[in-house]
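Asker: Protein sequence lines correspond, in order, to chains A and B. Per the working numbering, the very first residue in the first sequence carries number 141; after that it's consecutive. Per the working numbering, the very first residue in the second sequence carries number 68; after that it's consecutive.
Keep in mind that the hints were calculated from the coordinates and are not lab data.
Below, in silico cross-link-like pairs of lysine-lysine (PhoX-like), each with a Cα-Cα straight-line distance of 20 Å or less:
| # | chain 1 | residue 1 | chain 2 | residue 2 |
| --- | --- | --- | --- | --- |
| 1 | A | 565 | B | 117 |
| 2 | A | 594 | A | 565 |
| 3 | A | 417 | A | 507 |
| 4 | B | 117 | B | 232 |
| 5 | A | 594 | B | 167 |
| 6 | A | 338 | A | 287 |
Here the structure is a predicted model, which means the values were calculated and not measured.
Each chain, letter by letter, is given below.
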Amino acid sequence: MSNQDQILEELTSTDYKYGFITDIEVENAPKGLTEDTVRFISAKKQEPEWMLEWRLKAFKEWQKMTEPTWANVHYSKIDFQDIIYYSAPKQKPTLNSLDEVDPELLKTFEKLGISLDEQKRLSGVAIDIVFDSVSVKTTFQETLKEKGIIFCSMSEAIREHGELVKQYIGSVVPQKDNFYATLNSAVFSDGSFCYIPKGVRCPMELSTYFRINSAGSGQFERTLLIADDDSYVSYLEGCTAPQRDEHQLHAAVVELIALNNAEIKYSTVQNWYPGDKDGKGGIYNFVTKRGICKGTNSKISWTQVETGSAITWKYPSCILAGDNSIGEFYSVAVTNNMQQADTGTKMFHIGKNTKSRIVSKGISAGKSQNSYRGLVKVHKKAENARNFSQCDSLLMGDKCGAHTFPYLEVGNKSAKVEHEATTSKIGEDMLFYFQQRGIDEETAVAMIVNGFCKEVMDNLPMEFAVEARKLLAISLEGSVG
Amino acid sequence: MLKIKNLHVSIEGKKILKGFSLDVNAGEIHAIMGPNGTGKSTLAAVLAGKEGYEITDGTVEFEGLNILELEPEERARLGVFLAFQYPVEIPGVSNANFLKAAVNEIRKSKGLDNILPNDFLKMIREKMELVEMSKDFISRSVNQGFSGGEKKRNEIFQLAMLDPKLSILDETDSGLDIDALRIVANGVNKLRTSNNAFIVITHYQRLLEYIVPDIVHVMYDGKIVKSGDKNLALELEEKGYDWVKELDNVPAN
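Turn these sequences into a full structure, and let the hints steer you where they fit.
Answerer: Shown next, in the form of structure tokens:
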């Protein structure tokens with residue numbers, strides 16, 4: 141066995157440390173998807189009639205649609221009738237204090253390193269916890285309320301803040317947008333809702349933690365975030381799932397709306413179960429994320445660190461409608477073993493003097509395939525649009541692949557669009573150079589990878605950047621020979 | 068300090084070193100000269116512990132320790148340094164970070180704590196002068212976008228920072244113009260003490276005008292065919308490497 145094989149072998153035996161299963165009593169919808177399933181979910185959520193109608197409309201559309209096949213990923217066809225669309229831990233209808241949260245759930249999140257106890261949490265972060273199909277707890281709601289900020293589960297928002305939800309849901313990602321977004325529109329069960337009022341700078345990081353637990357279920361959450369005039373919010377989502385042999389579907393929709401002078405920073409640390417070294421099991425992560433810079437001088441910035449999932453299919457995008465608005469996309473996507481990722485962004489320049497910046501760092505190891513797919517579209521009325529794109533790939537070993545698919549559509553002559561791309565490889569010579577200076581291989585890989593990703597990592601909120609760096613090191617442990 | 072006895076090394080079945088022996092003591096500078104393809108760089112790589120070389124016979128002791136069994140980083144921490152002929156570029160890792168990691172790994176192996184930031188900066192400033200590096204260099208990525216001369220100067224700068232016992236300079240002079248050559252040589256001369264040793268591998272006599280060796284070895288076909296004082300380098304320059312081939316059958320001193 142050559143050194144490289146040996147190291148790869150070591151790598152693949154690295155455990156996914158979030159792979160445990162919580163033993164908790166759950167209430168499931170019957171397997172499969174019919175109009176009744178949609179009605180069941182809506183009833184469970186005690187939703188108003190308009191919401192049910194909205195879901196049913198989406199369901200009708202979805203029945204006419206077929207799965208997209210253009211992505212550079214390969215998997216056997218998903219049986220949508222073999223999925224449980226609603227799975228929730230049995231609990232009291234409303235939680236007034238932490239004592240009412242099921243102790244098993246508390247234990248689960250302690251184990252994941254997330255404390256639901258506000259006293260124990262780092263003071264700067266409010267968190268909404270979504271376990272399978274429902275939000276189980278949102279912290280710091282009272283503190284945020286004082287500033288007029290609404291931060292709650294989607295279900296609660298539909299019941300308590302119906303007008304806001306009605307106004308904005310589907311306004312960025314329409315019901316008919318794409319196969320998975322439409323499916324989500326029909327069956328979404330929970331997610332986070334956030335509204336930052338005019339002139340308010342959100343005093344803490346807002347965060348949602350997604351956990352899939354039940355076997356055979358899919359998670360379909362929907363997040364809606366509205367930043368009113370002159371407001372600012374930084375939002376982070378994290379996710380994990382148990383280690384299972386079958387694939388599980390996660391099809392989320394995230395919609396962001398930034399009004400005049402508002403700024404939204406949206407960060408993701410995605411660590412769904414990636415499957416084992418032979419590609420058995422793992423989450424199919426088919427997600428639609430889009431933000432609209434609706435107001436003038438508004439800004440939306442996506443930062444993502446993607447290390448998990450068997451297959452990732454997501455393109456957090458920005459519609460730059462407001463004049464002088466700015467869209468940013470910073471991404472690190474790591475694939476190892478048999479993982480496949482097809483990810484990138486879309487920047488739609490519509491307003492005048494709009495700017496976008498794309499920094500994508502793809503790291504491929506093992507037998508994985510990692511694709512960047514991005515679109516920069518300059519509308520014919522978008523005067524003085526500016527885009528800069530940087531797509532870098534780092535390869536480890538010689539069995540993986542890195543691909544770049546940049547698309548460019550420029551309809552206005554005043555546009556300036558730049559694209560840069562590099563591919564580098566961590567080879568034996570590079571590692572030997574480190575070793576010769578006294579630095580072992582593992583440390584060397586961590587240094588190279590962190591150096592490679594620095595520009596993206598620097599955009600993460602401080603405390604998450606530390607976590608994300610650790611995650612990177614674990615995902616790639618010993619993956620070079 | 069270093070004792071190489073009857074070293075035989077093959078790469079993919081091809082014999083490269085064929086009974087190479089050499090003793091290096093503290094305080095000495097040894098020059099190894101010889102035509103291309105004679106095994107000079109193989110020797111450097113094997114001493115540093117690079118993979119892909121099959122050692123079929125012989126021993127290498129460094130301060131009484133058999134280092135052939137050790138990982139490259141373990142040898143480095145003991146004080147074996149290789150100035151590369153072709154230093155690699157490391158995008159995204161700054162010279163400062165790289166050196167700090169190296170210095171701290173070596174300190175750790177000696178049971179010392181990490182170097183204090185102030186001491187580290189002071190050390191960098193001091194050593195940079197030695198090889199006339201410009202200040203912006205420290206925040207740049209290791210060797211990325213460096214000219215050939217800058218890369219070689221960086222090797223000597225790293226040498227100065229890590230303060231090894233045994234330094235192997237693998238054709239450090241190749242591709243250097245005369246100014247860079249002088250800077251590199253001055254650096255080495257200033258770093259020379261009675262406690263450390265240098266093996267200078269070179270194809271040309273030119274470098275040896277600046278770094279004066281105690282002993283010159285002529286290598287051919289995988290072993291040393293002749294050793295002598297610094298005048299041997301001049302003689303070699305004059306007579307050319309064809310002369311060496313004739314020496315091949317003459318036993319080494």
